[in-house]
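Q: Using the sequences and the hints given, assemble the complete structure.
If you're matching them up, the sequences are chains X and Y in order. With the working numbering as the guide, the letters of the first sequence map in order to residues 1 to 267. With the working numbering as the guide, the letters of the second sequence map in order to residues 268 to 663.
Hints in this document: simulated from the structure, not taken from any laboratory. A quick note: this is a predicted structure, and the numbers were derived from the prediction, not measured. All C-beta atoms, glycine included, are put in the ideal place defined by N, C-alpha and C. There could be a bad hint or two in this list.
Simulated restraints on C-beta separations [what the hints assert, rightly or not]:
{"id": "1", "chain 1": "Y", "residue 1": "412", "chain 2": "X", "residue 2": "44", "range": "33 to 43 Å"}
{"id": "2", "chain 1": "X", "residue 1": "252", "chain 2": "Y", "residue 2": "336", "range": "37 to 47 Å"}
{"id": "3", "chain 1": "X", "residue 1": "46", "chain 2": "Y", "residue 2": "633", "range": "24 to 34 Å"}
{"id": "4", "chain 1": "X", "residue 1": "44", "chain 2": "Y", "residue 2": "406", "range": "50 to 60 Å"}
{"id": "5", "chain 1": "Y", "residue 1": "419", "chain 2": "X", "residue 2": "251", "range": "17 to 27 Å"}
{"id": "6", "chain 1": "Y", "residue 1": "403", "chain 2": "X", "residue 2": "146", "range": "18 to 28 Å"}
{"id": "7", "chain 1": "X", "residue 1": "149", "chain 2": "Y", "residue 2": "633", "range": "44 to 54 Å"}
Listed below are the simulated SDA-like cross-link pairs for lysine to any residue, each with C-alpha atoms no more than 20 Å apart in a straight line [as the list claims (entries may be wrong)]:
{"id": "8", "chain 1": "X", "residue 1": "193", "chain 2": "Y", "residue 2": "386"}
{"id": "9", "chain 1": "X", "residue 1": "193", "chain 2": "Y", "residue 2": "448"}
{"id": "10", "chain 1": "X", "residue 1": "193", "chain 2": "X", "residue 2": "225"}
{"id": "11", "chain 1": "X", "residue 1": "54", "chain 2": "X", "residue 2": "76"}
{"id": "12", "chain 1": "X", "residue 1": "193", "chain 2": "Y", "residue 2": "384"}
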Amino acid sequence: MTVAPAPAPLISIRELTMAYGPVVIQRDLNFDIGRGDIFVIMGGSGCGKSTLLKHMLGLVAPAAGEILYSGESFTRASAQQRDAIRRRWGITYQTGGMFSAMTLAENVALPLQLYSAYSRGEIADIVAYKLALVGLAGFQDYYPAEISGGMLKRAALARAIALDPEILFFDEPSAGLDPISSRLLDDLIFELKESTGATVVIVTHELASIFAIATNSVYLDATSHTMIDCGDPAYLRDHSQQAVVREFLTRGGSLAKTAQTRSPEHE
Amino acid sequence: MAFPGPIPYTLAIPDKLPTPMSDAPAGLRLARQNDKDALLELSGGWVQGSKAADFASLREQLQPGTHTRLLIDGTALGPWDSTLVAFLLQCHNHCAQEGIELTTRNLPPGAERLLALATAVAPHQQPAASRGSWLAGLSPRQLFGKAVGAVRESLAFTGEVSIALARLVTGKSNTRFQDFRHFAYQAGPDALGIISLTSVLVGMILAYLGAVQLEQFGAGVYVANLVSIGVLREMGALMTAVVMAGRTGAAYAAQLGTMQTNEEIDAITTLGVSPVEFLVIPRILALMAVMPLLTLYANLLGIVGGGVVAGGMGISPLQYISQTEHALAVNHLAVGLAKSVVFAALIAVAGCRAGINSGRSSAAVGQAATEAVVTAIVYLIVADAAINILCQQLHI
Numbered sequence: 001m002t003v004a005p006a007p008a009p010l011i012s013i014r015e016l017t018m019a020y021g022p023v024v025i026q027r028d029l030n031f032d033i034g035r036g037d038i039f040v041i042m043g044g045s046g047c048g049k050s051t052l053l054k055h056m057l058g059l060v061a062p063a064a065g066e067i068l069y070s071g072e073s074f075t076r077a078s079a080q081q082r083d084a085i086r087r088r089w090g091i092t093y094q095t096g097g098m099f100s101a102m103t104l105a106e107n108v109a110l111p112l113q114l115y116s117a118y119s120r121g122e123i124a125d126i127v128a129y130k131l132a133l134v135g136l137a138g139f140q141d142y143y144p145a146e147i148s149g150g151m152l153k154r155a156a157l158a159r160a161i162a163l164d165p166e167i168l169f170f171d172e173p174s175a176g177l178d179p180i181s182s183r184l185l186d187d188l189i190f191e192l193k194e195s196t197g198a199t200v201v202i203v204t205h206e207l208a209s210i211f212a213i214a215t216n217s218v219y220l221d222a223t224s225h226t227m228i229d230c231g232d233p234a235y236l237r238d239h240s241q242q243a244v245v246r247e248f249l250t251r252g253g254s255l256a257k258t259a260q261t262r263s264p265e266h267e
Numbered sequence: 268m269a270f271p272g273p274i275p276y277t278l279a280i281p282d283k284l285p286t287p288m289s290d291a292p293a294g295l296r297l298a299r300q301n302d303k304d305a306l307l308e309l310s311g312g313w314v315q316g317s318k319a320a321d322f323a324s325l326r327e328q329l330q331p332g333t334h335t336r337l338l339i340d341g342t343a344l345g346p347w348d349s350t351l352v353a354f355l356l357q358c359h360n361h362c363a364q365e366g367i368e369l370t371t372r373n374l375p376p377g378a379e380r381l382l383a384l385a386t387a388v389a390p391h392q393q394p395a396a397s398r399g400s401w402l403a404g405l406s407p408r409q410l411f412g413k414a415v416g417a418v419r420e421s422l423a424f425t426g427e428v429s430i431a432l433a434r435l436v437t438g439k440s441n442t443r444f445q446d447f448r449h450f451a452y453q454a455g456p457d458a459l460g461i462i463s464l465t466s467v468l469v470g471m472i473l474a475y476l477g478a479v480q481l482e483q484f485g486a487g488v489y490v491a492n493l494v495s496i497g498v499l500r501e502m503g504a505l506m507t508a509v510v511m512a513g514r515t516g517a518a519y520a521a522q523l524g525t526m527q528t529n530e531e532i533d534a535i536t537t538l539g540v541s542p543v544e545f546l547v548i549p550r551i552l553a554l555m556a557v558m559p560l561l562t563l564y565a566n567l568l569g570i571v572g573g574g575v576v577a578g579g580m581g582i583s584p585l586q587y588i589s590q591t592e593h594a595l596a597v598n599h600l601a602v603g604l605a606k607s608v609v610f611a612a613l614i615a616v617a618g619c620r621a622g623i624n625s626g627r628s629s630a631a632v633g634q635a636a637t638e639a640v641v642t643a644i645v646y647l648i649v650a651d652a653a654i655n656i657l658c659q660q661l662h663i
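A: See below:
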């Protein structure tokens with residue numbers, strides 16, 4: 001995917017070291033995420049994918065290095081600046097993160113009430129639209145505890161896209177979903193990105209998702225504690241210099257020959 | 268940028284994004300073409316804050332009696348965001364409901380696709396379970412029904428606990444001793460600080476209260492009797508129980524409620540272990556073992572607190588101690604300790620019951636903790652009254 005020449009990439013990770021106390025999770029991370037990318041953070045279990053996302057979201061402070069959004073340091077920004085940057089984001093968490101004391105409609109309406117210029121009537125329309133977009137039309141008055149896990153993931157997505165975010169972050173969006181729901185979620189993410197121009201950052205190790213929608217990726221290695229490759233996953237699958245990455249992307253291809261098919265319409 | 272269509276989103280971030288190219292403000296115009304057809308022309312920038320999407324007024328004009336076909340024309344549209352698609356979705360739903368045939372022309376391709384996505388799944392018809400108004404929750408019928416439900420639940424839970432205790436006595440239980448130790452430590456030594464504070468203060472309060480009255484007829488030294496009997500029989504056990512209801516009872520409810528939310532209780536059940544045996548019994552026994560000791564400690568500190576006040580009123584420590592010795596009797600101590608065991612059981616049962624029956628959301632866990640404390644305190648007061656009446660009848 002070609003990215004229009006821009007002064008600075010949308011998100012830059014510079015010399016990032018992540019550690020919990022003395023335990024270093026990952027070190028020396030350097031990569032850029034361009035505008036309009038669907039960027040996948042991949043790696044084996046426990047390599048620090050979700051931790052990296054937490055760093056990018058500013059929930060955890062880096063041990064060293066920094067994260068820049070549109071060339072501005074997020075790591076060194078003031079609390080107000082951070083809030084302003086965060087307002088352009090939509091985030092879904094691994095377990096949904098829906099407010100359990102609110103109905104789905106109230107959950108989706110909350111960011112709109114807090115940060116938008118919409119009137120009450122308009123908010124109701126927007127909420128109905130966002131829920132319909134994720135296939136949950138008519139579920140406005142349900143509480144998160146009353147719907148299934150897959151629906152919860154989609155409801156969380158509806159809340160994340162409430163403010164038409166510029167960047168969408170997903171932590172394991174398809175974990176625990178059946179293949180069809182997972183595919184539909186991929187389609188939805190892709191469609192959102194196509195029609196609204198959002199940039200998408202996904203933490204996942206679902207190969208089907210990765211090949212279906214990703215345009216760029218980084219691979220975090222759990223043993224060497226650093227990134228060992230980055231690029232279009234479809235290219236890395238066949239041409240990565242790192243055997244580990246090729247193994248990962250072919251589901252241990254040298255162990256058992258399983259052909260991976262790439263959905264052509266999503267390239 | 269590599270997306271199709273016009274600038275697709277705008278957000279109220281003053282320092283980052285320019286205001287939309289709103290050369291024309293958002294507008295819509297409905298025109299009748301002929302008997303059947305109507306044309307809805309959208310123009311200008313349909314973005315957040317443009318105040319264009321007033322669907323309610325349009326609804327009146329879009330009745331099936333007047334039109335059977337509607338064409339939405341987006342030729343003159345400027346920048347757009349969710350405002351536009353939310354409006355289109357309302358139009359779509361309205362037309363579907365009223366049997367109006369809807370077609371679109373020259374809409375931005377992105378908006379077209381999003382609309383298709385939003386209408387791909389038919390709306391869920393079954394409404395959420397009726398919640399009624401908050402006033403309905405106060406109707407006598409509802410309240411009575413709730414009370415009956417609570418009593419039934421309590422009885423069922425008490426029954427389960429009794430069965431589990433019987434299994435424990437016969438040695439068939441899956442209760443783990445290390446859990447008992449853990450909870451006993453949590454309920455006991457960890458609570459000493461707060462118990463010290465409350466019991467010293469209660470002793471002092473009792474002493475003040477008595478001293479003012481007793482001094483009027485020169486019986487100031489009997490403050491020692493008042494404090495020691497009051498603390499031993501009543502306040503030591505009751506205040507410790509109230510503190511423990513807030514501290515340990517609520518903690519039990521929150522722990523078990525969170526375990527319910529995390530499906531831990533399901534996991535225990537499917538392991539073939541009764542959650543009551545595994546989770547509830549150790550907590551109840553731990554609290555029952557620790558509470559008499561805490562009460563003993565509270566009694567001692569209560570008497571010391573009373574002594575401090577008595578000292579301030581001119582009663583020497585020696586006098587206070589000897590007077591206390593006279594007043595102390597085994598039956599007072601025994602009544603207080605017996606109460607504390609009963610209270611412990613009630614607190615633990617109230618806490619565990621609320622936790623085990625908790626719903627599976629964070630709000631439900633909060634409710635469970637509240638319920639645990641409230642029921643425990645009601646139980647305490649009722650039980651205290653009952654025990655006092657019993658003691659009086661038996662002349663203990």
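Q: Compare the structure with each hint and give your call.
A: Taking the hints in turn, this is what the structure says about them:
no., hint, in the structure
1, Y:412 - X:44: 33 to 43 Å, "violated (54 Å)"
2, X:252 - Y:336: 37 to 47 Å, "violated (58 Å)"
3, X:46 - Y:633: 24 to 34 Å, "holds (33 Å)"
4, X:44 - Y:406: 50 to 60 Å, "holds (58 Å)"
5, Y:419 - X:251: 17 to 27 Å, "violated (54 Å)"
6, Y:403 - X:146: 18 to 28 Å, "holds (20 Å)"
7, X:149 - Y:633: 44 to 54 Å, "violated (22 Å)"
8, X:193 - Y:386, "holds (18 Å)"
9, X:193 - Y:448, "violated (55 Å)"
10, X:193 - X:225, "violated (31 Å)"
11, X:54 - X:76, "holds (16 Å)"
12, X:193 - Y:384, "holds (13 Å)"
Violated hints, in rising order: 1, 2, 5, 7, 9 and 10; the structure is consistent with all others.
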